[in-house]
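Enquirer: The primary structure of each chain is shown beneath.
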Amino acid sequence: MNDSKISSNIFPLEDSLKFSGRVTASISHDLKNVLAIINENAGLLQDLSLMMQEGLFLSPQKLNVIANKIENQVSRANDIISRLNQFAHSVDEDIREFDVVQVIECMIKIFDRIGRAKGLNIELIKQIELIKIKTNLFYFQFIIWDCLDFIAKSINKENILILSVNFTDNIFYINFILKSGSFEEESFNAFFNNEKIILEKIMGDFIFNIREKSFILAIKNSHN
Amino acid sequence: MAQKVLLVDDEQDFVEVLQERLENRGMTVQTSLTPQKVFDKIQHENYDAIILDLQMPEMDGLTVLQEILKVHPEMQVIILTGHATVDKGIKAMKLGALDLIEKPVDINLLIEKIKTAEANKMLILDEKMENIMKDLMINKSW
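These protein sequence lines map, in sequence, to chains A and B.
Under numbering that gives the first Met the number 0, residues 0 to 223 are what the first sequence spells out, in order.
Under numbering that gives the first Met the number 0, residues 0 to 141 are what the second sequence spells out, in order.
Certain hints may be false.
As the list claims (entries may be wrong) - Below, in silico cross-link-like pairs of lysine to aspartate or glutamate (DMTMM-like), each with a Cα-Cα straight-line distance of 20 Å or less:
(1) A/Lys68 / B/Asp12
(2) A/Lys212 / A/Asp168
(3) A/Lys31 / B/Asp59
(4) A/Lys108 / B/Glu126
As the list claims (entries may be wrong) - Taking beta-carbon pairs under 8 Å as the criterion, some of the chain B residues facing chain A (in silico):
(5) Leu17
(6) Thr30
(7) Leu32
(8) Glu57
(9) Gly88
(10) Ile89
(11) Lys93
(12) Lys102
As the list claims (entries may be wrong) - Per label pair, the in silico range of CB-to-CB distance:
(13) A/Lys178 / B/Phe38: 50 to 60 Å
(14) A/Arg210 / B/Lys90: 51 to 61 Å
(15) A/Leu55 / B/Pro72: 40 to 50 Å
Hints listed in this document are in silico derivations from the structure and should not be mistaken for laboratory results.
Just so you know, these numbers come straight off a predicted model, no measurement behind them.
C-beta atoms are modelled at their ideal positions from N, C-alpha and C, and glycine is treated no differently.
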């Protein structure tokens with residue numbers, strides 16, 4: 000792994016914009032679903048109000064159920080917007096210290112709908128609860144997204160992806176393992192070549208595990 | 000007669016409340032949270048309209064649309080989506096969808112589309128029946 004300072008290689012602006020576009024598109028889709036549920040519940044209240052005017056008896060419990068549903072969706076929307084806000088602020092500083100597990104969880108949630116559309120369910124295993132590293136947050140998110148996207152495109156039937164995270168000797172590791180099946184080395188190598196500039200940006204590297212046909216993303220903590 | 004509708008979406012809360020609202024308006028509504036169940040249902044039931052979400056787990060909505068129309072070309076499918084893009088909309092219409100509505104949905108617009116779907120289906124079935132009758136007239140000596 001390159002031990003020097005964070006790379007000054009220029010990363011194509013177009014790729015960064017595409018990545019930001021994909022993330023915000025996914026978030027806006029999730030928000031639309033939330034709004035659709037709130038809209039239907041508001042509509043149902045209007046329907047019930049009209050029916051009550053015509054003599055229908057309505058139990059307070061029914062109104063409570065609807066209010067709870069709206070409340071749940073507002074809370075869900077708040078979580079989604081918090082993720083959008085976190086993503087938007089990821090470009091504030093070039094290098095910063097952050098909680099990697101929390102950022103990975105956030106990217107998994109944003110990617111979830113896209114992954115599930117391809118049959119990919121993602122599980123995160125934390126060997127250590129809190130792992131803080133110092134690197135470029137935007138590119139860190141970018142590479143996590145690209146890994147998930149590569150895997151979702153690699154599978155051809157329903158599968159579970161296990162992400163196992165660990166931190167030793169000032170290096171942070173994420174192991175990407177499919178529960179059934181494996182990655183082809185050839186397609187992994189093509190993916191790896193496309194990611195070289197981002198890897199340099201975050202002082203990271205990929206290690207392909209030939210025996211288990213899984214791969215590891217390793218990132219050096221630039222804190223020291 | 001009440002319109003019979005199949006509502007397909009992976010958002011359970013959305014499906015439940017829209018089902019209740021359509022039923023309050025006299026429609027018969029069945030639901031499916033997965034594309035797989037749709038194929039079982041259309042084998043055994045007849046629907047005036049299928050309201051189908053474009054993005055669901057395991058199978059893309061456009062693929063589901065194609066598979067439905069392969070088995071039941073007369074089926075009237077209304078696409079409902081949270082992320083309508085012009086491109087996807089055109090693709091869905093080319094594949095044979097009746098219409099595309101974006102979430103959050105206007106219930107009156109949806110009801111209008113369901114009624115159009117019912118009318119279209121009746122027309123197709125009438126034409127089918129007419130052709131069967133014509134064949135009978137030609138093949139039978141009377």
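Enquirer: Now look at each hint and say whether the structure bears it out.
Expert: Quick rundown of the hints versus the structure:
Between A/Lys68 and B/Asp12, the direct Cα distance comes to roughly 8 Å. Compliance with the 20 Å bound is thereby established for this hinted pair. Taking the CA atoms of A/Lys212 and A/Asp168, the gap is near 24 Å; set against the 20 Å cutoff, the hint is violated. As the CA atoms of A/Lys31 and B/Asp59 are separated by approximately 18 Å, the hinted pair is consistent with the 20 Å bound. Straight-line distance between C-alpha atoms of A/Lys108 and B/Glu126 comes to about 49 Å, which puts the hinted pair past the 20 Å bound.
The restraint placing B/Leu17 at the interface with chain A holds, with a minimum CB-CB distance near 5 Å, inside the 8 Å limit. With 8 Å as the threshold, the beta carbon of B/Thr30 stays out of range of chain A, its nearest partner Cβ sitting at about 13 Å, so the hint is violated. Interface hint status for B/Leu32: violated, as the beta-carbon distance to the closest one in chain A is roughly 12 Å, over 8 Å. The interface hint given for B/Glu57 is met, as the beta carbon of that residue sits about 5 Å from the closest beta carbon of chain A, less than 8 Å.
Proximity of B/Gly88 to chain A is violated relative to the hint, the smallest CB-CB distance being about 15 Å (cut-off 8 Å). A distance limit of 8 Å between C-beta atoms decides the matter here; for B/Ile89 the minimum to chain A is near 18 Å, and the interface restraint is violated. Hint status for B/Lys93: violated, given a least beta-carbon distance of 21 Å to chain A, over 8 Å. The interface hint given for B/Lys102 is met, as the beta carbon of that residue sits about 4 Å from the closest beta carbon of chain A, less than 8 Å.
As the Cβ distance of A/Lys178 to B/Phe38 is approximately 26 Å, the hint placing it in 50 to 60 Å is violated. For A/Arg210 and B/Lys90, the hinted distance range of 51 to 61 Å is not satisfied, since their beta carbons lie about 43 Å from each other. Between A/Leu55 and B/Pro72 the CB atoms are about 41 Å apart, so this pair conforms to the stated range of 40 to 50 Å.
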